[in-house]
Structures are given as C-alpha cells and as structure tokens.
Amino acid sequence: MSARAPLSALRRFVLGAPALWLLLFFLAPFALVMKIALSKPAIAQPPYEPTFSLADGWHGFLDKLGALSFDTFDLVISDDLYLSAYLSSLRLAAIATLLTLLIAFPLSLAMARAPKHWRTALVMLAIAPFWTSFLIRIYAWIMLLKEEGLINKLLLSLGLISTPLSIFATEGAVLIGIVYSYLPFMILPLYNALERQDPALLEAASDLGATPFTSFWTITVPLARSGIFAGVLLVFIPAVGEFVIPDLLGGSDTLMIGRTLWNEFFDNRDWPTASAVAIFLLVLLIAPLMLYERQQMREPAR
Amino acid sequence: MKRGLTSAHLAILAAGFAFLYVPIALVVLYSFNASRLVTVWGGFSTQWYVSLFANEQLLQAASISFRVALASAALSTVLGTCAAFALQRFGRFPARTLFSGMLYAPLVMPEVIIGLALLLLFVGLGIDRGFWTIVIGHTTLGLCFVAVVVQARLAGFDRSLEEAAQDLGASPARTFRSITLPLIAPAMAAGFLLAFTISLDDFVIASFTSGPGSTTLPMRIYSQVRLGLTPEINAISTLLIGIVGLSLLAATAINRLKAPSAR
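As given, the protein sequences belong to chains A and B, one line each in that order. Using the numbering used here, the first residue of the first sequence is number 1, and each one after it goes up by one. Using the numbering used here, the first residue of the second sequence is number 303, and each one after it goes up by one.
These are calculated hints, taken from the structure and not from any lab test. All figures in this text were calculated on a predicted structure; none of them were measured in a lab. There's no promise every hint is true.
[As the list claims (entries may be wrong)] Simulated crosslink set (SDA-like; lysine to any residue; CA at most 25 Å straight-line):
1) A:153 / B:343
2) A:116 / A:196
3) A:35 / B:432
4) A:35 / B:400
5) A:153 / B:316
6) A:40 / B:425
7) A:35 / A:24
8) A:116 / B:321
9) A:153 / B:339
10) A:116 / A:128
Only chain A is shown next, with the shape it has when bound in the complex (with noise of 0.2 Å):
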C-alpha cells in the first residue's frame, strides 16, 4: 500500500510513539487492576495488600503471590447489590439507547433531507452541545427538573399541574440526563448513513407503487443499518458506566455500576472491590466493545 517508506527511523517513531503511550497508560494498567483486584482491603498506604516490591526477592514474592485470592470476586458475585447494579446499569442504558435512537432517528432524517447548503451548519449545531461542558448539561437538567425548578414553575404557573412533579432524583431523570448527553453521538453516524442515501430509490419506489410508510421500512432503515448501529454502541457502551449522571439526577435509590464502583472506591476505600467491580463490567461491555471496533474497523472514520 505504502509505495515509499521515507525514514524507518521515523516511521518507527510514528508508530511507536503512540502505541507505547497506549500500551504503558491504556492497556497495562488493566493488569494491574486485576492484581488488586485479587488482592485484600488494609488499612494501610495504599490500602491494599500485598504489595509486590523488587526487595521481596523470589521467595518473598512467591509467598506474597500465594496471599491473592478470588474473595472480593466471591463478594460480587454473591452480593445482591452488585448484581442488581449491574443489571440496572444495563437496562438504563438500554431504554436510554433506544430512547435517543427514537429522537435521534427522524431528527437526522430531517437533517439529512434539508436543502444542502444547510447541511452543515445543521451537522454544526448538532454537534455542538458536545463541545459544551458534560456537567453545565447536566446542571442544567437539576435547574429544570428539580421540585422548585423551571418546569414545574412553568407547568404549575400555568395550571397544568396542581402539585409539583417529582421527576427529580428518579430513574427518569437518569434516562432524560443520559438521551440529552449522547444525543450527538446517535445523530452524527445517523446523519452520515442517512445523507448518503440516493433519495432517487424513494423515488424509484414510489413510483413501483409503494407507500412512504412500506419505503420508510424497506428502504430508508435497513440501508441506516451501519449508522443505526454505530450509534447504538456508542450511546450504549459509555451509558452502562455512566456515573456523573446517575449521581446528580439520580436518587439515592438509583443504582448503576459506575456509582456503585464509585463509592467502593473514594467513600470505603475499597480499592480491591472497586477493581473487581471494574473488571465484571468490563467483562460486560466485553462483547458490545468488540462489534465497536469491528464496526470502527470495517468503516474507516470519516
């Protein structure tokens, strides 16, 4: 593919650079997870043992080798509340994902059907809130749908409601908190696949006889399919380990991993647990995380 290879040296350095970067800072450090993950809580500087250090000498470290053990992943396994924190996690996301989807969807379509000099400026200002800071959107949520805030103001004020909506600090606000975050990132491979439609095979079908409705699900959606996809994955992958959103709009009831692992991390100082918290989830998005990068892998980035 590459018809000159200008300096190998160089090349070497192109290449290298970052993937020792990656190496040493993303992947390596997974390593390391697990071995906490095996190891114990102490009340200790950091609070874990054992720690391996180069004085232990071999039989110091074999000894310290046989003091791992698989409790804190009996504990997960075991204890109800990880479970059903995962389980919540999941099905969040899930109602999340389909939920932006559902927005997402027709929003692109539109998108993808305006006049073209509008395009971009449309692709422009769909994008942009992602550039704005993740925690003033989510501030601004708590502004609008707190007891006292802007919503029920309006909603009460105009005598809709008689009494003050709690939405605030219930599963629903996570939902509404995680569809507003990653909306962009739906719309974007949305509006990609969609723009890239031939608009003449609407035509072509209309004209054999067929009603927008039997295009619609014929032609306009299975040919989305790849952007349908990447946005599912996208929105789906993040959202199970959300935990800024849970912990600002959620209540104190709604549990999702990220906030379980969370607080095993910074509020008990279980840095063993948090670990095996960390490693089940990874394991989770294992799958979902490896159609990503089939994805990513299959259609360059654009």
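Starting from the known structure of chain A, arrange chain B on it as the hints suggest.
Relative to the frame of chain A, chain B by itself:
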C-alpha cells in the same frame, strides 16, 4: 418532488434543536439573575460574575484546568497525528489490530474504568499524583479523538499532490512541510480544540488522577453542584460556554479558509 423541507421536517428540526439548546440557553439566561435563588427571576444583574472573580478557589482551579488542557491537547495532537499516519499510511504492520483497538476503545470505555486503571498504575509505580498525572490521563483519551479526526482528513487526501512535489525534486521532509502539513493542519487544529475541551470538561478521570493541590475546575463545579444550585455556577458555566463557542467558531473559520484547497 419530495425534495426540500416539508413542514413535518421543519417541525422535527425545530423540536430537536430546541431540546438540545433550550436547557443550555436557560443556564446562560439565569446567570444574569439578580435573585440568589437560581429558579426565581429577580431582574437583570451581573453580580455573580463579580463574585466569581473574587472566588480564589475557583480561579485557581480554572487556572489548573486551563494549563492541564493546554498541555494535554498539545501532547494529544502530536501523538494522535502520529497514530493517524500510522493507521492510514503504514499499510499492514504487526499488531495493527491491537493498535487500532487501543485507539478506538478509549472513545467509548466508561471513564470510571480508565480513571481507576490509571490511578492504580500511578500508585503501583509510586508516582505522586498531581498536575502531570492528570495531563497523562487526559492525553490518553485526547489522542484517540485527535487520531480519529486527523485520520478522516488523511483518508480524503489526494496523494498525487505529494507525489507531484517529490517528482519535482522536493525531499520527503520538504514535501511533508509544504504539502502534507498545510493540508492536514485544519484537522490537527480541530483535534487540538477537541482534546482541549475534553480535558477542560473532564471530571471523572481528573478525580482519579489528581492529587492534593491539583483540583480542577470541573471537580470544583461538581462539588458545588452537589451542595445545591448557585447562580455562581451559572455564571462560570456561561463563561465556559462562551469560550467553547468562540473556539468552535474559530475552528469553523479555519476550516473555511483551508477547505477549498484540500479537496
């Protein structure tokens, strides 16, 4: 016949963009609220901006955040551009799948996992957490975004321009400097801005990788939000939205200037 916008399309566009923008617009509007209660309009006032600039803690956090964002965006741009070249130009090389896997995975990986893994690495290596550990964390995420943006540009790149330059006797270095670099510069600039805003915005990874004395702006905002709504948060949010808005406009302007020659 069905070309152009039907009224249904217009309605969908209006509703969709209202959903995206009304919440942000309200944050901005209420930053000029005279009332201490965020959701009660008490007239126009800029007092919260004044009190913002008297808040030492917030200013210090903002300064740390900006420096972290600059450093990590610069590193991300260099590393991410290298990664994009490797993926787009090097053909098949050993462990290409692993390489692109490592490049795409952080884009969707839940941040709590990346943060926890990095923290355990720093503790394991005995590195004190602070400014540079946050930079490392943000660079790891940012370089992947830069790689995606630059790779897209390289994919739509007319290589005959480079070949022409070399046929006319330009050295590879010269070709890179006067042909390749100017053509991918807009993508690099966009990647830099993206990495910058991601860093400026990140709360989760920063919480894991920061140490005492290196509290970032999102960490401060987060702890204030947990305590309750204050108009000061609206004011700082408005400033951040303004900064991001301006840099987005700048990025668009740069792309407008350079785009016609690229494709």
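Hinted pair residue 40 of chain A and residue 425 of chain B, Cα distance within 25 Å = At roughly 16 Å apart (the allowed maximum being 25 Å), residue 425 of chain B and residue 40 of chain A satisfy the hint.
Are the Cα positions of residue 153 of chain A and residue 316 of chain B separated by 25 Å at most?
-> Roughly 23 Å separates the two Cα atoms, so the pair holds.
Pair hint residue 116 of chain A and residue 128 of chain A, alpha-carbon separation not exceeding 25 Å = 19 Å, holds
Assess, step by step, whether the Cα of residue 116 of chain A is no farther than 25 Å from the Cα of residue 196 of chain A, and give holds or violated.
-> Roughly 12 Å separates the two Cα atoms, so the pair holds.
Starting from residue 35 of chain A, check that the Cα of residue 432 of chain B is at most 25 Å away, please.
-> 24 Å, holds
Hinted pair residue 153 of chain A and residue 339 of chain B, Cα distance within 25 Å | 13 Å, holds
CA of residue 35 of chain A to CA of residue 400 of chain B, is that 25 Å or under?
-> It holds: about 22 Å lies between the C-alpha atoms, which stays within 25 Å.
For the pair we were handed, residue 153 of chain A and residue 343 of chain B, check the Cα-Cα distance against 25 Å.
-> 11 Å, holds
Pairwise hint evaluation, residue 24 of chain A against residue 35 of chain A, where the allowed Cα distance is 25 Å at most = 16 Å, holds
Could you grab the alpha-carbon distance between residue 116 of chain A and residue 321 of chain B and see if it respects the 25 Å cut-off?
-> Answer holds: residue 116 of chain A to residue 321 of chain B is near 23 Å, not above 25 Å.
In this structure, none of the earlier numbered hints is contradicted; all agree with it.
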